[in-house]
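Visitor: Letter by letter, the chains look like this.
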Amino acid sequence: MDKLITPEFGTMFWTFLIFGLLLLVLGRFAWGPIIRMLEERERAVKADRDAAESAKADAEKMRDELDVKLRQLAEDVKAELAAAVRTGERERQELLAQAREQSEQMVSAARQDIERDRERLAADLRQYVADVSLAAAEKVLGERVDENAGRRIVEATLKDLEKKG
Amino acid sequence: MLKEIIEHHILDHVYAYIGLGAFSLPLSKHLLMMLIVAVGLALVLPWVFRSRLPGMGLARTAVETLVLFIRDGMVIPSMGEEGRKYTPYFCTLFFFILCSNLLGLVPYGATATGNISVTAALALSTFLLINISGVAAHGVGGYLKSFVPHGVPVWLTPFLFVIEIIGLIAKTFALCVRLFANMIGGHIVLLSLIAMIFIFSEINVYAGVFGAIPVAIPMALFISMLEVFVAALQAYIFTFLTAIFTGAALHPH
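From first to last, the protein sequence lines are chains A and B.
Per this note's numbering, the first sequence starts with residue 24, numbered consecutively.
Per this note's numbering, the second sequence starts with residue 111, numbered consecutively.
Mixed in with the good hints, there may be bad ones.
Unchecked claim - Here are the computed lysine-lysine pairs in the BS3-like style, where the Cα-Cα straight-line distance is at most 25 Å:
(1) A:Lys-162 / A:Lys-182
(2) A:Lys-79 / A:Lys-92
(3) A:Lys-69 / A:Lys-79
(4) B:Lys-139 / A:Lys-26
(5) B:Lys-195 / A:Lys-69
(6) B:Lys-281 / A:Lys-26
(7) B:Lys-281 / B:Lys-255
(8) B:Lys-195 / B:Lys-139
(9) A:Lys-26 / B:Lys-113
(10) A:Lys-84 / A:Lys-69
(11) B:Lys-113 / B:Lys-139
Think of the hints as simulated: they come from the structure by calculation, not from any bench.
Turn these sequences into a full structure, and let the hints steer you where they fit.
Guide: Structural data, given as structure tokens:
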């Protein structure tokens with residue numbers, strides 16, 4: 024059994040030789056190409072992943088920006104709406120006030136017209152009544168009545184009547 | 111008798127010697143096995159990688175997976191990124207040991223890694239790799255200095271230096287014996303189990319046929335399956351330990 028555990032030069036030499044040659048041959052024709060291919064594949068996968076990640080980051084940034092813009096837009100719209108409502112209210116109030124003023128003016132003008140017409144009519148009526156009274160009095164007396172005096176009398180009478188009436 | 115049978119099966123058979131200058135080199139069965147492994151690997155691996163036959167995808171994936179396992183599971187964890195360039199060495203080592211181990215399980219095959227000369231040569235290759243990579247990384251002076259850790263008292267330095275060198279040699283020796291003993295052990299157990307059939311038959315034919323065979327054959331089958339596992343495990347251990355030792359030489363502290 025000594026032979027079993029005694030290293031012997033010849034076989035060691037062969038082992039070195041075979042292992043060394045195998046190292047050269049496989050390194051050149053097997054491991055070299057395989058490792059190169061694996062590394063290339065890893066690079067490609069990494070590049071793809073990087074591209075995907077940057078695209079995702081871009082998309083997220085864009086989404087955030089859009090969110091901000093959208094929120095801003097909503098706020099703007101709200102503010103404008105509120106402003107429009109305020110303006111509308113103010114204009115309504117102004118229009119109402121204007122309309123009220125105008126109608127009041129119109130009513131007061133109409134009232135003045137009516138007053139003026141009534142006074143003119145009253146004056147005309149008085150004049151007419153005076154004329155008729157004088158004419159009637161001339162007829163009754165048969166002579167000319169002093170116009171000025173007659174008129175004074177009629178007018179005083181009318182004033183008394185108006186006071187009573 | 112039994113000793114002769116076991117020796118016949120686990121020792122190398124020298125067919126002839128060739129003289130080469132002062133040396134006479136044996137042409138032996140284990141040499142033939144190593145040649146079969148080496149030529150087989152040198153032919154099959156490039157072919158597997160290059161072939162575009164439909165069935166070869168699986169084999170290619172298997173080889174790639176093993177290479178990735180060696181690189182990402184052994185070389186880079188124990189040696190760091192600068193270990194990458196040593197990956198081909200570890201791939202060769204792993205496949206050479208694995209195929210040599212497995213060839214011993216094939217009928218008419220023999221286990222070259224069950225020969226202490228072969229494992230000694232492989233362990234010496236590791237020893238060379240450790241020292242060469244250490245010198246390549248730190249220079250001769252730096253590598254020798256890295257044997258002694260920082261902060262050691264000066265009077266301890268020579269002792270530690272010697273102890274570290276003994277440690278390095280012991281590691282190499284352990285690598286050599288571990289692989290050899292594991293490969294030879296299973297064979298001895300298998301032979302002993304089979305031999306039991308004949309020992310019992312010598313005592314009584316019926317005891318041998320009806321007593322020993324039903325026990326010895328299933329157990330031999332079990333040990334054979336264990337051997338398949340051990341073949342892969344020892345290839346892994348040898349490669350991994352080589353990576354760890356080389357990593358220790360690259361990063362001393």
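Visitor: Would you mind marking each hint as holding or not holding in the structure?
Guide: Here is how each hint holds up against the structure:
Between A:Lys-162 and A:Lys-182, the direct Cα distance comes to roughly 24 Å. Compliance with the 25 Å bound is thereby established for this hinted pair. For the given pair, A:Lys-79 sits about 20 Å from A:Lys-92 by alpha-carbon distance, which is consistent with the 25 Å threshold. A distance of roughly 15 Å separates the Cα atoms of A:Lys-69 and A:Lys-79; the hinted pair therefore holds under the 25 Å criterion. At most 25 Å may separate the alpha-carbon atoms for a hinted pair to count; B:Lys-139 and A:Lys-26 meet this at roughly 15 Å.
With a CA separation close to 21 Å, the supplied pair B:Lys-195 and A:Lys-69 stays within the 25 Å bound. For the proposed pair B:Lys-281 and A:Lys-26, the alpha carbon gap of about 23 Å is at most 25 Å, so the pair holds. This hinted pair checks out: B:Lys-281 and B:Lys-255 have alpha carbons roughly 19 Å apart, not beyond 25 Å. Restraint check for B:Lys-195 and B:Lys-139: not satisfied, since their Cα atoms lie roughly 34 Å apart, outside the 25 Å limit.
Straight-line distance between C-alpha atoms of A:Lys-26 and B:Lys-113 comes to about 13 Å, which keeps the hinted pair within the 25 Å bound. For the hint linking A:Lys-84 to A:Lys-69, the alpha-carbon distance of about 22 Å falls within 25 Å, and the restraint holds. With a C-alpha separation of about 20 Å, the suggested pair B:Lys-113 and B:Lys-139 falls inside the 25 Å cut-off, and the hint holds.
Checked against the numbered hints above, the structure violates only hint 8.
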